Every structure is written in C-alpha cells, then in structure tokens.
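Given these sequences and hints, build the entire structure.
Order-wise, the sequence lines are chains L and H. Heads up: the first sequence is residues 1106 to 1304, going by the working numbering. Heads up: the second sequence is residues 15 to 621, going by the working numbering.
These aren't lab readings, by the way, just hints derived from the structure by calculation. Everything numeric in this text was worked out from a predicted model, so none of it was measured. Using N, Cα and C, we set each Cβ at its ideal position, and we do this for glycine too. Keep in mind that a hint or two might mislead.
What the hints assert, rightly or not - Now the in silico label distances, taken between C-beta atoms and shown as ranges:
| # | chain 1 | residue 1 | chain 2 | residue 2 | range |
| --- | --- | --- | --- | --- | --- |
| 1 | H | 319 | L | 1286 | 21 to 29 Å |
| 2 | H | 548 | L | 1150 | 57 to 65 Å |
| 3 | L | 1218 | H | 42 | 44 to 52 Å |
| 4 | L | 1218 | H | 598 | 20 to 28 Å |
| 5 | H | 477 | L | 1296 | 57 to 65 Å |
| 6 | H | 311 | L | 1211 | 43 to 51 Å |
| 7 | L | 1150 | H | 602 | 33 to 41 Å |
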Amino acid sequence: MTTTALAHHTSTGQDTRKIAFWTFIGSECMLFGTLIATYLSYEGKSVTGPTPQEILNIPVTSVSTFVLLMSSLAMVLALTAVVRGDKLQTRLWLTATVGFGTMFLAFQYYEFNSFVAEGLTISTNLFGSTFFVLTGCHGLHVLIGVIWLTTLLILSWRDQLGPEKAMNVEIAGLYWHFVDVVWIVIFTVVYLIQRGPVA
Amino acid sequence: MGAPAATAGSVAGAHGAADARSGVWGWITTTDHKRIGILYGVTAFFFFLLGGLEALLIRLQLARADNTLIGAETFNQLFTMHGTTMVFLAIMPMSAAFFNFIIPLQIGARDVAFPRLNAFSYWVFLLGGLFLNSSFLFGAAPDGGWFGYANLTSIQYSPGMNISFWALGLQILGIASLAAAFNFIATIINMRAPGMKLMRLPVFTWMSFITQLIVVAAFPVITVALVFLMFDRMFGTTFFSVAAGGDVLLWQHLFWLFGHPEVYILILPAMGMVSEVLPTFSRKPLFGYPVIVYSGMLIGVIGWAVWSHHMFATGMGPIADSYFSSVTMLIAIPTGVKIFNWIATMWGGQIRLATPMLFAVAFIILFTIGGISGVMHASPPTDLQQTDTYFVVAHIHYVLFGGAIMGIFSGIYYWWPKVFGRLLDERLGKWHFWLVFIGMNVTFFPMHLIGLLGMPRRVYTYGPELGLEQMNLVSTVGALLLGFSMLIMVYNFWWSSKHGEIAQNNPWGAATLEWAMSSPPPVYNFSVIPEVRSRLPLWTVGGVTEIPDVPPEPVHVPGGSYWPVVAAVGILVFFIGALVQSLWLAVGGVLVLVVSVFKWAFEPFEM
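Structure representation (structure tokens):
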C-alpha cells in the first residue's frame, strides 16, 4: 500500500479508487432513497391484500438481519487480518463474511417463496410491487457482494491477497457495510414501523 | 496498481503502447482521454445532426395548416426522438467530449483517473444511442414524449415496442453517464497538478465538476423510475396502475426530480465554456471568479428543490404551488449573478470578436431571454396559461439552443485548434454564427406568440381558423436556415483539416494550462507536470510559459484494452434480451458482462 501511495501522487493523499467509490455510494443512496420513498408513499394504499401486517414475519427477518450484521463484523476482522498479513484469519473471516451473506440470501429466498405461497406476488398489489422491487434490489446487491468477496477469498487462497492489496479489500468492505446499512433502514421502515391502511 | 503476477489470468486486452495507437483497432481499444474525447465529439455531433433532421421534419409538417406531409403517428415519434436525442445523445455527450479532452489538460493530469472506465462510458453511450435509434428500423420509435408520462406509457395504452425502446435505451445511457461521473469527480478531486488548488481550477472544470455531482445524484432517480415503468410493462407490477391504487403522478415526481437537475447538467458545462472564452477574448481575468464558482454550486443545490414547477397543471394545491414557485424564482438569482459577472468581464476589456467570442456573447443574450421566460412560468397562474403550449417550446429552445448549444459551439471554435492542431476558418465561422443567430431567433421567437395565442405543443397539425399559419411558416423558414448553417459548420471542419492554419500552442492568448502545450498535445499530455502558482498561470509573471514536447525522462503511457468494449456489448445484449423478452439473451449478456469485468480487473494495465 505504501509503495502504491508513493508511486502515484494524489492531490488529497487519498486513494483515487476510494474517492470514486464513495461517489458511487452516494449515487446508491439516491437509488435506495427513491425505492424507499416510493414504498413509503404507497404504504397502506393497496386496494387488495395481503397486507404487510398479515404477511411480514418479524421474528424470522430479525434473525436474518442479525446474520447480515454479523457478516459486517466478519468483514471488519477480515480487513484487519489482511492489513496484518495474517493469511489464516484473512481466509477465516472472509469465509465467514461470504457465509453470512449467503445465509441472508437463503433467508430472503425462503421469505419470497413463502410470500408467493401465501398469495403475494410482485403484481398482486401496491405492497407486493414496492416490497419485492425494494428488497429484491437489495438482495441483488448482496449477491454481487458475495461474488466480489468470494473472488477475494479465492485470491487469498492463491496467496495473492497480501497487505499490499489491503485497499482492494477495504473498498469491498465499504460496499459490504453500505449494503448492510441499507438493510437496517429497510428492516426498520418496512418491517418494524408498519402503518395501517390509510383511510 | 502493482504489476500482477504472471499467473493471474494473464491473457490480456492490454498491449504495448505503440501498436495500440494505430488503425481502427487502436481507436476501439483506446484509453487515451483525448481520443475518447474525439470519439464522444464525433458521435454526439452526428446525433445532433440527426436530431436536427427530426426537428426539420417536424417544422415542415407544421409549415401550413392541415398539412398531411407526415401523419400523427410519425409526428409523435419525431418529437419524442428529437427531444430524447438532443438531451441524451447530443448536448450531454458533446459536453462529455469537452470533459474528456479538456479537464485533464486544465488540471495538469496525464489522463483521467480510470482510463478504461472512461472508454467503457463511451462505448456504452454509443451502443445506447444506436439501440435507441434502431427503433426506427422496426417502425417502433418511441412516441410518448421525452418525459414519457404515465399512464400513456403503460402496456395498455402503448402496447408496441416503442416505449420499451425508450425506457431501456435511457437506462443504458444512464449507465454511461454515471460511470463517467464517478471518473471525472475522482479525477478532479485527486489528479490535480501540484499547486492547482480547488479555487485555482479553471471555471470550465469547476462547472463540469458540479455537473458530475448532479449526475451522480440525479441519474439513480430516473433509473428507479424507468425500472418501475419496465416492470409495470413486463411483469405486471402496479406502480402506475390507478386501478390498483397507484398514482400516475409518482412518475412525474420521479421524472422531474431527475429532469430538473438534468437541465443544469445540460447548461452548466456551457456556462463553464463561455467563462473561459469571455476572459480570453476580453483580455481580462473573469470578473468575480469565486462568485461564479459559488453561484454554480448554489444552482447545483437549489436545482434539487424546484422540480414540481413542471407540474403546476396537475393541481398540487396552494402550499406546494407557492413553495415551488418561490424557490424557482430564487434560483434565478445565482443565474443572474453569473450573467452580470460575464458582462462585467467584458466591461473595459480589449474585446476581440472572433468566432468563439461571438457565440459566447450570443449565449449571454439568448440565455437571458430564455431565463426571463422561465421566470414567467415560475408563477403558477401564468404557467397554467403557458403549460403545454409553444411558449414552453420557445423557452426551452432559448435556454437549450440559445444557451447550451451556443455555449458548446463557442467551445468548439475555441478548443478546435487545441484538439486538431489547425484553426477553423474565421470567415466561414462568422457566416455560420450569423446564420445560427438569425435562424435561431426566427425559428423560436415566433413560438412565444404562437404559444400565447393558444397553440398546443405535440399536436401534429392545426386548423387555418386559428390564424397561426404565417407565424408557423416563419418559424419553419428559420429552421431551414438553421439546418443550412450547420452545413457551413461541417464544411468548415472539412476545410480546416485540409487548409486550416497550423495552430501554435496558444493561438488565442488564453491563460489556462491546456494552452501551454503543443496543439494537439502529445500522448502523455505533460512532459513535465507543471507547478501551478496562480489561477491564470499563462498570464502570471513567473507562471507557466511553455511546456516542452519531449519529456526529460520516458513517460509510461498505458496501452489500450478491449474489455471495456466487451463489457459494453454485454450490457447491450442484456437490454436487447429485456426488449424482446428473451431470458437467454439477458442471461447471456450478464455473463459477457461478468466475464469482461473479471478480465478487466485482472489484466495487467498500469495507470
């Protein structure tokens, strides 16, 4: 990392990729912001059921939320392991991050399937449309993150993820934490604070 | 990035710098910001002529009452494609051509931050533009207007592929714009030469920077809106379905939340260009540089708070109307400040009316007229009379043609010698200018009156009893004049390439860094990265004078790569799959994209 920093002078002293990536996260905020705002403005306006109150399973989703939060913790530990040059822990914590991410996706797969079985599809009502597009978009982000982190894991097994590659891991971590934070907002807004039908 | 180990999938799109720069293949795989800038410019100018041709057909249809030259259906397609083309395929990418070529030179960088991402942006833009226009071949060009209001665009009312072409095409173009925005923001923040502080950046770079920040925030909004629209059409979601309790105004809110910042995306780069031209041809530093920069920022911020002034006619109620009305009037202030700054720049200067300067001065005049009519429909009661009439058409053409295009033309004449090493002919340039200036006013000024007298926009014909035939004919004649003037411009381009005077480093005596190097600049731009000590380095005693062509030590130039092109093709295939609803094509496109992203990430390519 130090050699790279020396080789490429930058105006701010920050890594250019990191700056670009923060900009990307800014645009992602607008993307999810628009989806969440749409969900909120349509909340309680469906003319047919099923409604969120009838169908959302808070206990199960609390578990999957916890799993995703743990993956963020594993991500932090993976990055520090890379910086230390600790190969064993790098592999351990990257595997944990990927594993927790995959578990979250499995939970979502189960949730979507059970909703469809209970009669809520993407075209059933406003709730179905807004819910599946919002959480589906988030799930797609998790999937991309899992693929990305798996790539890093493979690199680590090939001994190509030393401390000089820490910035690559840090940026993947930025993405992963962002996706996690977005889920906390979605979990709060969609699952925890449910508003009834608007009269 | 360090040199990757030879084992890391070493098959490469990257190759040596020398053979990477020759022939068509060299252009396809290029990652040189100057070449990508030229590609952007040529492509966008071609689309600009295409959009102009569409406009000419519209004007010919409206030249007399009850005309039957083209039917209603074709007319709908023409005005939709004219608007969409000019906004997304002409003005935005013509500005992008300047971002690419000029920004790295102005800030003292050897390239943009991510050269391959830059190539990717261009190819995605090109393929998106071709995708959108290929709809003509199927007789299914988009026909829902450039803002595609729901629920006209629903599968029920627009069953054909027309709207799908539009929605998916814009989605592709959005990817290109976003990728470019991340790249340029990172470039401007982090790639400046030593001493090039933020408040020493040339105004063109500043305005482009603000533009890219707006792109980053605005494009995700339209992306989501277009996803809603496509899902409604393809999977039966209910976002814009009134029967299911949905609200068609959701589309308008999302579209204009993007659409209003979009007009600043179109105009801010042009404002930046004239802010370079006016000081150069007045032999005076720009009056109130910090004020211009800060008012640009203010426009970028307040531009987010005015979107519903496009929606007064939907009946939002007195509170929303009052708010959006007053903020719209408020945003006129930073814009007005800039206009006074430009005038004050010329005041007392040694003005030289060369072609770039003529266009810049015309920009001030015409943009002010467009701004004034804009403030007029900031008032809801007035707007209710004007909305959806030709008055609005007159307004947008004064700000977008009189503003953005005049600014861009000024930029073309100004930077042409830097890009191609030869000057454009001044006499032809002046003919071009006067024909554009007269043609533009003859075309668009009567539209104010036509609109106030009640002619609605987007209707393919009108009856003789309205008494609008004469003014419509005048407008059509003006449009033909404009069309003719573009031929002079193209002829001038050709003439210059054969007989144009060879340009010195600094033919206009300008003050910014790009004029310190040869025209055109060498591959690596700066043989030595200059030390910047003032805002106008070439006008400062002891500042930068001339940067030698030959570097004291060899400069590493990155080779080309074909993975950006392959990735762009993957995206195109995915969207074609979505258009024809073929899962296999869509999956195939994603696979191509994923493979090329991996190849891209692991190929040996040194920045």
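Each hint, compared with the structure:
Distance hint for residue 319(H) and residue 1286(L): a CB-CB separation of about 26 Å, consistent with the stated range 21 to 29 Å. The supplied range of 57 to 65 Å is met by residue 548(H) and residue 1150(L), whose beta-carbon atoms lie about 59 Å from each other. Between residue 1218(L) and residue 42(H) the beta carbon distance is about 45 Å. The supplied range of 44 to 52 Å therefore holds. About 24 Å separates the C-beta atoms of residue 1218(L) and residue 598(H), a value consistent with the hinted range of 20 to 28 Å.
At about 59 Å, the beta-carbon gap between residue 477(H) and residue 1296(L) stays in the expected band of 57 to 65 Å. Distance hint for residue 311(H) and residue 1211(L): a CB-CB separation of about 46 Å, consistent with the stated range 43 to 51 Å. Between residue 1150(L) and residue 602(H) the beta carbon distance is about 39 Å. The supplied range of 33 to 41 Å therefore holds.
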